[in-house]
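Put together the whole structure using the sequences plus the hints.
If you read the protein sequences in the order shown, they are chains A, B and C. According to the working numbering, the residues represented by the first sequence are 1 to 352, in order. According to the working numbering, the residues represented by the second sequence are 1001 to 1546, in order. According to the working numbering, the residues represented by the third sequence are 2001 to 2354, in order.
Everything labelled a hint here was simulated from the structure, so no lab data went into it.
Lysine-lysine pairs mimicking DSBU-like chemistry, simulated, CA-CA at most 35 Å apart: (1) Lys2177(C) / Lys80(A); (2) Lys165(A) / Lys272(A); (3) Lys2208(C) / Lys1418(B); (4) Lys80(A) / Lys327(A); (5) Lys310(A) / Lys2177(C); (6) Lys344(A) / Lys193(A); (7) Lys2233(C) / Lys1305(B).
From a predicted model like this one, the values you see are computed outputs, not experimental measurements.
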Amino acid sequence: MKRLRTGHLRVGGFATLAVAAVMVAVLASAGAATGSTNRVNSPSLTKGQTVYFIPKDTVNPYEVIADQGGKISLTAIGDKQVVSSGTSDTAAAQEPSIQTAIETGAAGIVIAGNDPAALCPELNQAMAKKIAVVTFDSDTNCRQLFINQANTQQIGESEVQILGKEMGYKGQFAILSAESTATNQNAWIAWMKVEMKKPLYKNMQLVKVYYGNDDPATSLQVTESMLQAYPNLKGIIAPTTVGISSAAQYLAHSKYKGKVILTGLGLPSQMKEYLYDGTVAEFELWNPRNLGYLAGYAVAAIASHVITPKVGQTFRAGNLGTYTIIKGVGGLQVVLGPPFVFTKANVGQFNF
Amino acid sequence: MTDGDTHPDDPTGSYQGAAPQREGGQSVGDVQTVAADGASASGLGSQEPVLVLEHASKSFGALRALQDVSLSLYAGEVQGLVGENGAGKSTLVKILAGAYRFESGHLFLDGEEKVFETTAQSRAAGIAIIFQEPLLFPDLSVAENIFMCRQPLRSGRRVDVRRMRREALALFESLGVTLSPDRLAEGLSIADQQLVEIVKAVAADARVMVMDEPTAALTATEVERLFKIVNMLRDKGTAVLFISHRMDEVFALCQRITVLRDGRLIVTKPMAEMDEASVIQAMVGRDLGTLFPERTASTGDVVLKVEHLTSLGAFTDISFEVRSGEIVALAGLAGAGRSEVVRSIFGIDRRDAGRVEVNGRELPSGVPSAAMEAGIGFVPEDRRQQGVLMNLSIERNIALPSLSQVAAHHLVPRGSEKRFAADWVSRLRLKYGRMNHPVATLSGGNQQKVVLAKWLARHPSLLIVDEPTHGIDIGTKAEVHRLLAELAAQGVAILMISSEMPEVLGMADRIVVLFEGRISGVFSREEVDQEVLMRAASGLANRAAS
Amino acid sequence: MSSDVQTATGGTSQPDMPLDPGGGGLRARLGPLMRWESGLVVLLLATVLMGSQLSSMFLESGNFFYIGINVGEFAIMALPLMLIVVTGEIDLSVTSQLELSGVVMGYLFAHGWPIAAAMVVAVCLGAVTGAFNGFLVTRLGLPSMIVTIGTLTLYEGIAQVILPNTAVGGFPAGLTKIGLVPIPHTEIPYSIGFFIIFAVITAVVLHKTPLGRSIYAIGTNREAAFFSGVHVKRIKMGLFITSGILSAFCGVLWSLRFASARYDMATGLELNVVVIVFFAGTAFSGGKGSVIGVVLAAAIFAGVQNALTLDLVPAQNQNIVIGSLLIASVLIPSVADVYRRTGQRLQDLARRRL
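What follows is the structure, given as structure tokens:
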């Protein structure tokens, strides 16, 4: 459990169900088993390498923080971080950045893919040129390692659990997602639907999945229209930082405030006021800075040939501790940790 | 100007009442008939004129639209202003309206000299212009239109709607108009729109009302109603300048008549001293001189055959033929439907009924390229908009309709357009800088030569020319006439529209006269004079038809 | 002063001089278009210079491939769009036609069609979507700006209905490598190879054929062109169809290059095409534009973007550069025009005073 403790996040007060506990136990045991390799791995990370961080776009606040985390870890290692991307969330906008990384002979690429398939030709070419390719936040079909911010299943389930608890396990709810094609969103929503099959939720009904395209204006509009379309709507899950803050903004200034339960994945800085004014009671997130921080160590470890990577290998990620590579849905991954629940009581301690 | 009350030629300031003598003494010297403006003879001499225009001249480039024209208008008179198209009537109206400024001359209102910089100043001085097609605000009520910019106000600068409505009703009553002040202007007939404009002018205390062909679009009953109102205004002391193409109207309404021709004042006389014949003679009486080439027509086969051609709302049941080597003129007043007929023949507009045959083959409706293939060339009326592509070079303009001839193996070889155009450029004696300069750099006459060249280059069997000499200088005009005569001599059939009677008479072998969309007479050159044409064009009884 | 009468009556009078206040026959001879294009050449040289200063990678062999690969499809679509703008219309739906074509190709391929057949159907679909644009514009007389903004959304909507939220891929690797490797023995990306072919064809058509003359004539004055027998509607219709076909062709290239097709894969990128077309000196009001302008504009666009990316200039700052270039491309000619016209007006005024 010690490994999940971070400088920013306190895991205390975090309650997960059995699945999460099993998950953590597996990771913890894996970490313990490879404790001896830590001392071997850390010194051998190559210094002076350049790593390209390619976020979905250069202005996404969540990924800006993740990139900062990556800079912290890479600077600690002695490597150089370059952040490069487009301004629109398309594969075409990310492609020149991958090309530049290849051309300039970067050691590694950490990318949040805008499209799981369309980036593959370029990423495969990068890997063919011995560039370490790590994905985070949004996975692609072609990479060496995916840094999973949290277990997809855990997030999907815990969102439904929080909502169910607040709704009294009764009534209609909707999901406000980002793009209809976003890999992570669709994976979480799939797990939400699995969780919904439990008898506990038999009186709850998911009416529809709405897509706000991670655009504040669209998300706001979509929130408005779902409340009009379903007057008896009792809850909304928005597993996207843009979606939840837009929905909260709408609810806070409408007659639905306090009547419609809103939860999801949000940034504490954006959601603080809605926790304080009662629009939202609880929401979740992992720490994006830690995500980038972990990605930085992961990509450096691969680029330095410390790991290959393959299942069971471990590496040390600075003050986050040691991580073990496991098999995920689309290939190899490491999991940052379970999501953290923010409430009125604890949100004041976070500044991202 | 220094002092409004002092006439520049009259430092004593005793200008009042001097106008009639002045006019008499300074009439245009070369025209014998102008001896006096007839004001005294029509019983108006005892007053002073409301409006005096003295020695006004205005030119547009080389075109002298108005030359030394003087005019006086008295309170309580309706003065007719007539003249051929292009005689300078519209220019005169626009000067009075403040839209144009004359280059030399003076304008006095109640003896006070005025210089209008804007149309608003003219309106403020009490001159109202009633156009053929008034410009009302369609989304505003009739009352709001009448009081546009002069709305009665309540406290806080709010529009006093009730008072506006009341005043509009009172005005309608005084003029015997039955219109609701509350209805929107949108959908009013042209006649009603004119009434609104007139009431607007009365509401603005206009002392001078200029009516520019107000009856052109009116029915007989509407004309009658308009006349009643004009007479009422006259009795109330308004000075009316009434412009019309229709002789009968001028004679029925006016006390005096002023005739303009070629921008010059020909005569101002009391109506009683004129008859239709003398007015028409004053309008057209010009020496045709050497402007038109000598030619003897030797006509051949029928090239163009038009049968029962009809376009709803424009013209009805038009039938005529043009033979090889023949020049046929389509005559008539502006708006009689002449341009519409030729546009329909060439396929610019679709026809609603009838047939067009060229060299025995029927043309499809609305396909200019088919008309071109059949051998028609078309020099349209609006040269700048339809005849040439102003920003395109001379050579490309001339080659445009002939590209398939210019091209070799579907490609246009370098310089081929220049070579193609060069022949016609020299034959038409085009004055230009370089062949690749845009047509916009040429004078009007030379632009017209480009239009002619581009069609002649196709060797048409029928050439349609719509106002071929409109707005071009006299020298080029003569060249164009000579060219048309040459073409006819070579066997080209020519269909010409012209608003200039001398041109029609000087060039045409046969003349088809249109009046309000129908043929009102067909004449051969020998059997016709200007008076006959003018009558036919004005819808008066035809003496001869063939 | 009556110069008209003089020139007409005097047999040996001076030819009419062009109304050029600068009085330079040279300027008139070069024409405004030539001047813009020579400006583009200078700008292209400046771009190369800037690129080599900003990054040592810029002039490296191999970078030419990357400069080209990111602009290829936009440059291809800019060719028919330039022709459409020359006739005074516009087609903003190019990228949604690209997306629809790619999605249809992917859908058919995923449903077992041979890739070649799927590609052919996708390109033919472009003719249909282009014809629909052309129908609305030429037959119903609707403004092309509004029509194609409408079909921009419409075609993307249809693409989304076909492939709601998944991407299809799995195209044969032999084809998808067009995004990764140049044409053998060259450094030219395949899309640029196609662009060169299309550019040559377009240049011949526009500058050397009766059709090209007619296209300019329509843009200069639609009415006068119609009065001269030019098939205005038929030509515009043909251009919209061409635009549809080439956009669809780019949809095939795009999908192969990204090894997948998705309904929103080119959303918003029509602006890149528009930037190239107008930066090429094509007049928004029609009548002016050239293929060489498009080639130069595409090269500058690609070069600037590549140099800035290599120099790690953030994307939003790159947008500022591209946006400024576009504004400059319309501002500079119009400032020159205002200057010319003011001069002419002063001349007219002086003449009138005489």
